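Colleague: Dock chain B against the given chain A, drawing on the hints supplied.
Listed here are the chains, written in short residue letters.
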Amino acid sequence: MGFLDILLSGQLLFAALVTGALYALVALGLNLVYGTMRVLNVAHGDLVMLGAYAAFYAFSMAGWSPLLAAPLIAAIGGLAGYALYTSVFRRLLDVGALNATRLEGNSLLLFFGISILVQNVAAAVFTPNNQGYQYLSEIHQLGTVSMTGNRIAALLIAGAACAAIAVFLGRSVSGLALRAVIERREAAYVVGVNVDRVQAMGFVLGCGAPALGGVLISMLEQCSPFSGFPFTIAGFIVIILGGLGNIGAGLAAALLLGAIETYGVALTSANLRSVLLYGVFVGSLLVFPRGIFLRRGRT
Amino acid sequence: MHRYAWLLAVAAAVAVLAALPFFANAYIVGVGLTILMWIALTQSWCVLSQMTGYVSLGHVVFRSLRENEEAAETLGVPIVRYKLLAFVLSAAIPGMVGAVMAMRSTYFVVVQAFDPMVSITVIAMAILGGGDSSRGPLLGVLFLSILSELLWAQAPTLYMIVLGAILVVFVLLIPGGLVGLLEKREKRRRTRPDAPAVFE
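Protein chains in written order, with our numbering: chain A, 76 to 374; chain B, 10 to 209.
These are calculated hints, taken from the structure and not from any lab test. Treat the numbers as computed from the prediction; the structure is a model and nothing was measured. Among the hints, erroneous ones may be present.
Claimed, not checked - For each label pair, taking beta carbons as the anchor points, the in silico distance ranges come out as:
(1) A/A345 x B/V97: 34 to 40 angstroms
(2) B/C55 x A/P364: 53 to 59 angstroms
(3) B/A135 x A/D80: 50 to 56 angstroms
(4) B/Q163 x A/P305: 45 to 51 angstroms
(5) B/A135 x A/A150: 38 to 44 angstroms
(6) B/V97 x A/L183: 20 to 26 angstroms
Claimed, not checked - Part of the chain A face toward chain B, derived, beta carbon under 10 angstroms:
(7) L167
(8) L168
(9) I189
(10) S190
(11) A199
(12) N205
(13) G207
(14) G224
(15) A228
By construction, the Cβ of each residue, glycine as well, lies at the ideal position given by its N, Cα and C atoms.
Just chain A, with the same shape it has in the complex (with noise of 0.2 angstroms):
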């Protein structure tokens, strides 16, 4: 295939589609948490993965369709997403109020000791192996671009979650204090805003979305206790492509990061898909520490 066809192919832009859509759901929690929070939840992966296990057993073991169990799997991941908060980091936040800059570091520890306790444990009791499940795997027809089933449900799925969170950050007064909260803490404060409960559904949201995420990626590919490291990793990517905290140019960097990714896999090698990744990592990180979609008016 020429240069051109790669980059006309519809093949590929349905893969950046659903690459990205999927990215954009799991950054969207993480980008939720940071931002609420500052705290930097290096374990996000691991909840992906968690809801792929998840999903996985209702599958295998219940006979389940993952369609069906996925709002249900992703009310659990927000439940134990605000049990975590109510039983750890309410504590945790009122401590930091007083030095935020040292909670941030220990933040990062604490996560990173959770993401490896998590992970291990889940290797001691799902055994280490990848696993997997077939479900709509069948082939669909659309002009000259052939999807499998479990493709479209997981982009339709996807999109639709970020597109409700993004209406409802957009337009509800819940969402708008929890934006309040993210852009100015200690102002959001002053006017009125019950920080706490934003940041406890900060914490919900930022764990339900990405079990959800893991419940649709579970469709596509196996899932191993260690498969969610590179989703903390895709996550990260996208917030400081779109600003961390910035939850709009966060969708658009995601769909850009699934887009750099499928083409450039195409385009070069499939070897190279780390060092794509990482390296637009670094290299945004150095040209737009402040993310590439900076809004105007801002210094």
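Modeller: Relative to the frame of chain A, chain B by itself:
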């Protein structure tokens, strides 16, 4: 008396090590000797610097940078140069260690040499030890090396779980690390009225 407790410990360890060949293999003796040599070196350095009151300039400068960068700059410390030096040292020392590691294992594979586990373990050691003296990392290294030797072969997953749990527990509950715990205990002992005065 307390200041030279380390020397006594070293002497005791030498005695144990002298007896070791009679009931242990050469590998254990070798590892023991190496550890002992390092402890002896670092401790004799500490004792010497304590006796003479010698503190290196770099030590003071790095410490001042950590405590208060602005204050250090107003006192005329070239902070950029010393930060660069810190970065260079932090790259040079692991490079040196890498050379020694290649010598020990006689071969290396890129994926294995760049294993992120190395970074994780080193960070965990620093967190576990805590403190800002050389004691912290030493304690962390000692503890984790023994733990990994005990668990790595039979239960690698368990070792990783323990490693993660150590990180979580120490960051959340014991941010001062092992050295912090020791210092707290020493302080408590010192504030007791009947305790013998300790020269500081």
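Colleague: It remains to establish, for every hint, whether it holds in the given structure.
Modeller: Verification of the supplied hints:
Between A/A345 and B/V97 the C-beta distance comes to about 37 angstroms, which sits within the given range of 34 to 40 angstroms. Range check, B/C55 to A/P364: about 42 angstroms between beta-carbon atoms, so the 53 to 59 angstroms window is missed. Taking the beta carbon of each, B/A135 and A/D80 are about 52 angstroms apart, inside 50 to 56 angstroms as hinted. Between B/Q163 and A/P305 the CB atoms are about 30 angstroms apart, so this pair departs from the stated range of 45 to 51 angstroms.
For B/A135 and A/A150, the Cβ-Cβ distance of about 39 angstroms falls inside the hinted range of 38 to 44 angstroms, so the restraint holds. Roughly 24 angstroms separates the CB atoms of B/V97 and A/L183, a value that falls within the hinted 20 to 26 angstroms. Interface hint status for A/L167: upheld, as the beta-carbon distance to the closest one in chain B is roughly 7 angstroms, under 10 angstroms. A hinted interface residue such as A/L168 counts as satisfied when its beta carbon comes closer than 10 angstroms to some beta carbon of chain B; here the least separation is about 13 angstroms, so the hint is violated.
For A/I189, the interface hint holds, the least distance from its beta-carbon to any beta-carbon of chain B being 6 angstroms, beneath 10 angstroms. A distance limit of 10 angstroms between C-beta atoms decides the matter here; for A/S190 the minimum to chain B is near 7 angstroms, and the interface restraint holds. The restraint placing A/A199 at the interface with chain B holds, with a minimum CB-CB distance near 5 angstroms, inside the 10 angstroms limit. Taking 10 angstroms as the C-beta cut-off, the interface hint given for A/N205 is violated, the closest approach to chain B being about 16 angstroms.
Proximity of A/G207 to chain B is violated relative to the hint, the smallest CB-CB distance being about 21 angstroms (cut-off 10 angstroms). Look at A/G224: its Cβ only gets to about 36 angstroms from chain B, farther than 10 angstroms, so that hint breaks. Interface restraint check: A/A228 against chain B, minimum CB-CB distance 34 angstroms, threshold 10 angstroms, status violated.
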